[in-house]
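Enquirer: Sequence:
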Amino acid sequence: MIKLKGINKYYSSGEEKLHALKDVDLEVKKGEFLAIMGPSGSGKSTMIKILGLLDKEFGGSYLLNEKEVRTLNDDLLSNLRNEKIGFVFQDFNLIDRLTIKENIELPMLYMGKGIKETKNRVSELLDKVKLLDKIN
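Take the sequence shown: its position 129, counted from the start at 1, is 129 in the UniProt record's numbering, and no numbers get skipped.
Note that these hints are calculated values from the structure, not bench results. Even for Gly, the Cβ is constructed at its ideal location relative to N, Cα and C. Worth double-checking, as some hints may not be accurate.
[Stated by the list, open to error] No more than 27 angstroms apart at the CA atoms, straight line, and that leaves these computed lysine-lysine pairs for DSSO-like:
#	residue 1	residue 2
1	Lys-3	Lys-101
2	Lys-3	Lys-44
3	Lys-67	Lys-56
[What the hints assert, rightly or not] Computed Cβ-Cβ distance ranges for the label pairs, DEER-style:
#	residue 1	residue 2	range
4	Gly-114	Leu-72	22 to 30 angstroms
5	Ser-123	Ser-42	36 to 44 angstroms
6	Asp-23	Arg-121	35 to 43 angstroms
7	Gly-114	Asn-8	38 to 46 angstroms
8	Asn-93	Ser-40	13 to 21 angstroms
9	Glu-68	Glu-102	22 to 30 angstroms
10	Glu-102	Ser-40	29 to 37 angstroms
11	Asn-8	Lys-113	34 to 42 angstroms
12	Lys-17	Gly-38	14 to 22 angstroms
13	Ser-61	Ser-12	19 to 27 angstroms
14	Tyr-10	Thr-71	29 to 37 angstroms
15	Ser-12	Asn-93	24 to 32 angstroms
16	Asn-93	Phe-33	18 to 26 angstroms
Produce the entire structure from the sequences given, and follow the hints as far as they go.
Expert: Structure below.
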């Protein structure tokens, strides 16, 4: 579960301060999906960075599974990003030097999945979205 309470985020540019997020409250329960939409400059990217555990510099409280995010060390945050948080990007965000197959395998291997399990799952996923012919 995700629970944000009174989230504020400021960016500084010289003497000027930009208030990117102001007193944001949000609750996302287990099994729910979240889409963040809005006009350019409305704080979407800032919100995604905070929700995605990429930014710990904000005011307010962010509880992820009842744990305050800002108290977690970088290794734990990295593991949580790998195992619990997913993003769907506007562009592909693939690693250019890797094949599609390798781009899908990489996070699975980071999670400690075995080679055989990973290869089978990659084929299954690509087949499901009709991209098996693009595996390499």
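Enquirer: It remains to establish, for every hint, whether it holds in the given structure.
Expert: Against the structure, the hints come out as follows:
no., hint, result
1, Lys-3 to Lys-101, "35 angstroms, violated"
2, Lys-3 to Lys-44, "17 angstroms, holds"
3, Lys-67 to Lys-56, "13 angstroms, holds"
4, Gly-114 to Leu-72: 22 to 30 angstroms, "28 angstroms, holds"
5, Ser-123 to Ser-42: 36 to 44 angstroms, "40 angstroms, holds"
6, Asp-23 to Arg-121: 35 to 43 angstroms, "42 angstroms, holds"
7, Gly-114 to Asn-8: 38 to 46 angstroms, "44 angstroms, holds"
8, Asn-93 to Ser-40: 13 to 21 angstroms, "19 angstroms, holds"
9, Glu-68 to Glu-102: 22 to 30 angstroms, "36 angstroms, violated"
10, Glu-102 to Ser-40: 29 to 37 angstroms, "34 angstroms, holds"
11, Asn-8 to Lys-113: 34 to 42 angstroms, "38 angstroms, holds"
12, Lys-17 to Gly-38: 14 to 22 angstroms, "21 angstroms, holds"
13, Ser-61 to Ser-12: 19 to 27 angstroms, "22 angstroms, holds"
14, Tyr-10 to Thr-71: 29 to 37 angstroms, "21 angstroms, violated"
15, Ser-12 to Asn-93: 24 to 32 angstroms, "28 angstroms, holds"
16, Asn-93 to Phe-33: 18 to 26 angstroms, "19 angstroms, holds"
Violated hints for the displayed structure, listed by number in ascending order: 1, 9, 14.
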